[in-house]
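Colleague: Using the sequences and the hints given, assemble the complete structure.
Now for the letters of each chain:
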Amino acid sequence: MKRKWLLPLFVLLFQACSKDETNSLVIQEVKNEPIITDSLPLHCDEINSDSQNSEYLGHCNTLTDIPITFVFIDSAESALSPDPQTDAETAIDVLNQAFQFEGNQYIKFSLKEVKNVVDETYYNTSCNLLAEISSVYGESGTLTMIFVNDLEGGCAGVSYLWGFPSSAQAVTMAEYRFPFILNSFTPIRHEFAHLMGLHHTAYSYPGAAPDTGLNSFNKLLRMSYRLSEDRECPATFYYFIDPIPQNTKALSGTIEWNSYVNTMYPSFGNKPDDGFFTDGYDYAMSRAFSCWYSFALEDIE
Amino acid sequence: MKRFILFSFLISVTALSASEITEKNVLEQLMGIHGASWSSLIKSDDDKAQIKSILTQVIEQNLDPVSYGYKPEYTSMIRQNAFTEYGNFVETNDKGNIDKSDKKLIEKYGEEAMQEGPDSHSALAYYGGLTNIGSPESLELLSRYLDETESLSTLHAIGRQLTSALQGQSNEPRDPSLDLSYINPYNPNTKDPFTKRKGNWKKVIPKIQKRLKKARDLALSKSKSDSFKKSFTELSNKMDGYEKDLSKIKVTEVDQKKKEETTRAVAMDNFEASDSLKDKIQDSDRQTASLEEDEEVPAKENSSLLYIVSFLLAIIVGIALYKKLFT
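In order, the protein sequence lines correspond to chains A and B. Under the numbering used here, the first residue of the first sequence carries the number 95, and numbering increases by one thereafter. Under the numbering used here, the first residue of the second sequence carries the number 29, and numbering increases by one thereafter.
Just so you know, these hints were derived from the structure itself, not from any lab. Take the hints with a grain of salt, since some may be wrong.
When the alpha-carbon atoms are kept at most 27 Å apart in a straight line, the in silico DSS-like pairs for lysine-lysine are as follows [stated by the list, open to error]:
1. K224(B) x K241(B)
2. K123(B) x K230(B)
3. K257(B) x K209(A)
4. K209(A) x K250(B)
5. K123(B) x K226(B)
6. K258(B) x K209(A)
7. K209(A) x K252(B)
Modeller: Structure (structure tokens):
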């Protein structure tokens, strides 16, 4: 008789395990200490002084400059920002902090220009209208960050994938209230990552894009359609994807990947790190982007 | 046999518990950085009802996002997004009218939003919700707010949403190079142009047109920007075009009737119609309005069937197990 009670218990356990499988993967926390191996130089001074690893040379702390033009769109009755210059400088600092890891930094954002305009057409606008807005405010050779008052629906920000720097579509747009009123730069960092070629990490919600973190980053490293086979970034870039092997959950060839720690989560507001671009990913992204950027510059010269 | 029963019970109960419509998932959609992507969650009409119920709780502040780990500063924004999305789940009757309980919620939220001001984020979310409802009633109500503000940016936003909702939102191109391309648009009420939607458009379009013209005149006199004037004039011109489109509605209805009659005649000619076929054809006459929704979610029937079968199986097997274990 006692054994018969095991059945309902088993059913309940089975249900508990089968429910919300994706979420259980997402909310886990990684607390392991980093393991540093010989093949995994982590710091620029280490890399630059290592003559055996010549492939790394020239990629560490070269600080490829990414100029940003900020556009603050006001209405006649209401200004978004009391001090656009200070806001722009704050955004630059936050981005530079976000795209580095443990002292390693390969790209550096710099302030090109701050534009403060009155534009009643786009003060309140829609993410669907980015193409139209890009044609007004986009410039080739600079990354344009547009702040508006309101984007229709729940859209917090929008950008083009692979936008920078070869065209005037290097434009990203977000609601002003996120970084400067709600004190969250998450949407800004997220949009910049899109602009530099990074897709969403999948399995973050049902029906999301069919890219795992691993695949999306590999796509970035292959530079999508922008690079031919003879213009690949050095394979050593792969080592920089996740410098903490214990964090990883996926393995593909020599590439290890953790789909939570390195994530481009499409929803935010309740994650321990806000679900975007956590440490390590910024760093890897920064390095990969640095490679891509040099080729991209060749294309537009 | 016993093992089969146990296995069936396990499968059916698990299938029943597999719904993705939870408060947590709905809140995540509301905080989607590129907006909500309901198509990824909805598999049946029950799912739509469940989402609507959770959105109502958020709007009525019976569900606190903070209890799901959201920062308190996001609460009002989540509520705003909930109202805008709620508009996509409001259904209208054959005359294009909104249900009483929906009306009550819309009015209540609208009053609150207007207390914050006609140009506030809450008001803009309210306008978005009315746009998403897309009925003659809701769009006529939306157009009234053109008289409530002199802010050119708000007037332009309302004008853009009115014309977009009348034109049909599915016609807007989605650029695949945008990061938005991850999201499948979910605008069930406004996916078609208004000429193909239910309701008395002849009554409301002239009213909307008149109010938008008045707003345009204000914009032209007040703004110093040529591009803004041009943009607003284009919105007004679009509305003039919709007024002309009203004549198409009658033609469309006649054409549709003719088409249905021809189809029926062909069906009757080609088949020796059995009683059940006749019934089906007659049913399709009666249920034209719900047919489109069936096409919209192809998985609906299968999913609902699975749920019903699972439910019945669970009950039967549950009773059998109860008898086995306790008697």
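Colleague: Look at each hint and say if it fits the structure.
Modeller: Structure-based check of all given hints:
1. K224(B) x K241(B): The given pair, whose Cα atoms are some 24 Å apart, holds under the 27 Å limit.
2. K123(B) x K230(B): 13 Å, holds
3. K257(B) x K209(A): Status holds; Cα separation ~22 Å.
4. K209(A) x K250(B): Satisfied, since the Cα-Cα distance of roughly 23 Å is no more than 27 Å.
5. K123(B) x K226(B): 6 Å, holds
6. K258(B) x K209(A): Holds, because 23 Å separates the two Cα atoms, which is no more than 27 Å.
7. K209(A) x K252(B): 19 Å, holds
The earlier numbered hints are all upheld by this structure, with none contradicted.
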